[in-house]
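**Student:** Read in order, the letters of the sequence shown correspond to residues 129 to 313 in the numbering used here.
Source of the hints: derived by calculation from the structure; they are not laboratory data. Careful: at least some of the hints might be erroneous.
Unchecked claim - Computed list of lysine-lysine pairs in BS3-like fashion (alpha-carbon distance at most 30 angstroms, straight line):
no. : residue 1 : residue 2
1   : K229      : K295
2   : K191      : K282
3   : K171      : K270
4   : K143      : K295
To be verified - Here are the computed distance ranges between Cβ atoms for each label pair:
no. : residue 1 : residue 2 : range
5   : D277      : K162      : 29 to 39 angstroms
6   : D242      : L175      : 15 to 25 angstroms
7   : G194      : K295      : 27 to 37 angstroms
8   : D277      : T140      : 36 to 46 angstroms
9   : L274      : E244      : 32 to 42 angstroms
On a predicted model such as this, the values are computed, not experimentally measured, just so you know. Don't be surprised by glycine CBs; every beta carbon is placed ideally from N, CA and C.
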Amino acid sequence: MNFNNWQNADDTAIKELPFHVAEWLAEFGSLTEKLSRYVDQVKLDVLCEGADILTAEEASALKVSGDVTCQVREVVLYGPQSPWIYARTSMPLTSKHLIEKLGSKPLGSILFTDEELRRQFLQVCQLQETSQLYKSAIRYLKNENLLVDSEKPKLWARRSLWKKKDKDDGMLVCEVFLPDAPLYR
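Please work from the sequences and hints to get the whole structure.
**Tutor:** Shown next, in the form of structure tokens:
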């Protein structure tokens with residue numbers, strides 16, 4: 129199976145992944161909750177939140193066309209001593225009320241408590257260097273001096289589309305596992 133492209137996280141795909149990778153990528157619950165097994169208190173830094181243009185990958189996953197302005201939230205979740213997960217959530221502006229008051233709380237506090245929100249799919253991928261998501265994660269690592277310029281690590285990612293019952297618009301949650309994440313051990 130070609131994990132250089134997004135693949136549905138079904139049994140066939142998961143069986144082809146090494147266990148230590150599948151254990152994280154195929155987590156159907158909250159990554160924040162899983163992270164809390166490794167740290168006393170999960171630390172989350174909000175990198176940015178506001179209006180932006182969807183990337184081509186996001187527009188395709190959200191099934192919208194053209195240059196669509198959306199609400200974007202980028203965060204980093206930390207392991208015991210270093211960042212483990214870079215996450216980017218994007219959604220149409222009509223859905224931004226879902227995350228406007230999150231502040232420094234993890235997105236999982238909404239996704240797994242709102243009875244109307246449902247995961248539409250879970251997909252996994254080993255990001256290519258040409259991917260906008262890869263570039264964003266690498267930019268963060270370089271800005272934090274966690275990566276030397278010539279380094280191009282292989283990064284695993286997962287993404288989920290969440291929708292409210294009987295609504296067309298959704299929320300795309302992309303999570304990139306940074307080099308210090310346990311998935312690489």
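**Student:** Give a verdict on every hint.
**Tutor:** Right, here's what the structure says about each hint:
Using a Cα cut-off of 30 angstroms, the hinted pair K229 and K295 holds, with the two alpha carbons roughly 21 angstroms apart. Under the criterion of a C-alpha separation no larger than 30 angstroms, the hint pairing K191 with K282 is consistent with the structure, at around 27 angstroms. Of the supplied pair hints, the one linking K171 and K270 holds, its CA atoms being roughly 20 angstroms apart against a limit of 30 angstroms. A hinted pair counts as satisfied when its Cα atoms are at most 30 angstroms apart, and K143 with K295 does not qualify at roughly 33 angstroms.
The hint said 29 to 39 angstroms for the Cβ distance between D277 and K162, and at roughly 32 angstroms that hint holds. Take D242 and L175: their Cβ atoms lie about 24 angstroms apart, and the range 15 to 25 angstroms holds. G194 and K295 have their C-beta atoms about 20 angstroms apart, which leaves the hinted 27 to 37 angstroms range violated. A C-beta distance of roughly 38 angstroms is found between D277 and T140, which places it inside the suggested range of 36 to 46 angstroms.
Taken as a hint, the range 32 to 42 angstroms holds for the pair L274 and E244, whose Cβ atoms sit roughly 38 angstroms apart.
Hints 4 and 7, counting from the list given before, are not met by this structure.
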